[in-house]
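> If you read the sequence shown in my numbering, its first letter stands for residue 30, the second for the next number, and so on.
If you are wondering where the hints come from, they were derived from the structure by calculation, not from laboratory data.
Bear in mind the structure is a predicted one, so any value in this text is a computation, not a measurement.
Possibly wrong hints are sitting among the right ones.
[What the hints assert, rightly or not] Listed below are the simulated BS3-like cross-link pairs for lysine-lysine, each with C-alpha atoms no more than 30 Å apart in a straight line:
hint, residue 1, residue 2
1, 44, 100
2, 113, 40
3, 70, 113
[Stated by the list, open to error] Label-pair ranges, simulated between beta-carbon atoms:
hint, residue 1, residue 2, range
4, 131, 231, 27 to 37 Å
5, 35, 264, 30 to 40 Å
6, 71, 205, 30 to 40 Å
7, 33, 138, 46 to 56 Å
8, 253, 83, 54 to 64 Å
The C-beta atom is built at its ideal place from N, Cα and C for all residues, glycine as well.
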Amino acid sequence: MYTSQKNIRIKWLKKLSQKKYRRQSKKFTIENLTIIYDALKSGYDFQDLFVTKNFINKHKQKFEYLQKESKLNEYCVIDEDVNKYYSQLDTPSGITAVYEINPSPLDQAKSVVYLNGIKDPGNMGTIMRSALAFGVPNVVLDATCVDVYNLKVISAAKDAIFKLNIIEDATGVWLKETKGALPVYVANSNEGLRLSEVEAAERFCLVLGSESHGVSEEIIRLADKNIRIEIKGDIESLNVSSAAAILLHGLK
30 MYTSQKNIRI KWLKKLSQKK YRRQSKKFTI ENLTIIYDAL KSGYDFQDLF VTKNFINKHK
90 QKFEYLQKES KLNEYCVIDE DVNKYYSQLD TPSGITAVYE INPSPLDQAK SVVYLNGIKD
150 PGNMGTIMRS ALAFGVPNVV LDATCVDVYN LKVISAAKDA IFKLNIIEDA TGVWLKETKG
210 ALPVYVANSN EGLRLSEVEA AERFCLVLGS ESHGVSEEII RLADKNIRIE IKGDIESLNV
270 SSAAAILLHG LK
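Go ahead and model the full structure; you've got the sequences and the hints to work with.
Given below as structure tokens:
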């Protein structure tokens with residue numbers, strides 16, 4: 030039972046709200062019961078679990094499932110004030126699961142979504158779900174993207190965070206080395222082929238940029254094709270997560 034904010038494990042949980050500590054420890058947290066539950070059903074176990082008594086009483090059936098199916102032999106009970114102290118949520122959920130950051134290598138037989146400058150966590154997470162839904166299990170992020178293990182990204186991505194192969198292209202070298210190995214398609218709202226005109230390759234790399242700035246000029250120069258979605262003149266552009274879903278569906 031943890032009742033003090035000064036406890037070393039509680040301080041550690043607090044630090045995991047910061048990207049640099051997540052990377053140092055190779056751990057991240059999830060504070061959403063549905064995601065934790067669905068992940069465990071799919072075989073993705075947590076390494077630590079922190080819960081309040083109120084949470085246990087309110088979610089007895091699902092909590093019993095977590096206890097039964099997890100390989101973890103113990104869990105930590107925390108009081109409400111401790112939960113508020115470290116939680117990244119405005120209203121703490123009463124449960125926190127800790128997972129290992131353990132990136133899977135890309136599946137070379139499948140297509141890739143490459144994200145350039147996606148800074149909105151909700152967009153990032155939604156794009157990840159769309160990639161999984163349309164059979165593109167590989168996601169590459171450049172250094173200008175929001176951290177993929179940000180709690181808001183995970184809230185939008187849900188258990189796709191576990192089911193995708195996610196790597197980071199910190200130096201921008203991956204995309205340059207990939208050109209030629211598979212075609213690079215850049216989503217470009219200003220110019221390029223209409224989506225309906227593109228006969229997609231069996232494997233491809235689709236590059237998406239932010240709605241406000243688009244894909245960087247350096248990456249556009251690497252493109253084999255620029256692809257645009259035809260929209261009516263009443264609106265200038267689509268949200269990048271909406272565009273991602275349309276493009277992935279059209280290219281599959």
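> Hint by hint, say whether it matches the structure.
A quick look at each hint next to the structure:
1. 44 - 100: holds, 25 Å
2. 113 - 40: holds, 12 Å
3. 70 - 113: Holds, because 28 Å separates the two Cα atoms, which is no more than 30 Å.
4. 131 - 231: 27 to 37 Å: Cβ of residue 131 to Cβ of residue 231: about 29 Å, so the range 27 to 37 Å holds.
5. 35 - 264: 30 to 40 Å: violated, 52 Å
6. 71 - 205: 30 to 40 Å: holds, 34 Å
7. 33 - 138: 46 to 56 Å: Once the Cβ atoms are compared, 51 Å apart, the range 46 to 56 Å for residue 138 and residue 33 holds.
8. 253 - 83: 54 to 64 Å: Because 55 Å falls inside the window, the suggested range holds.
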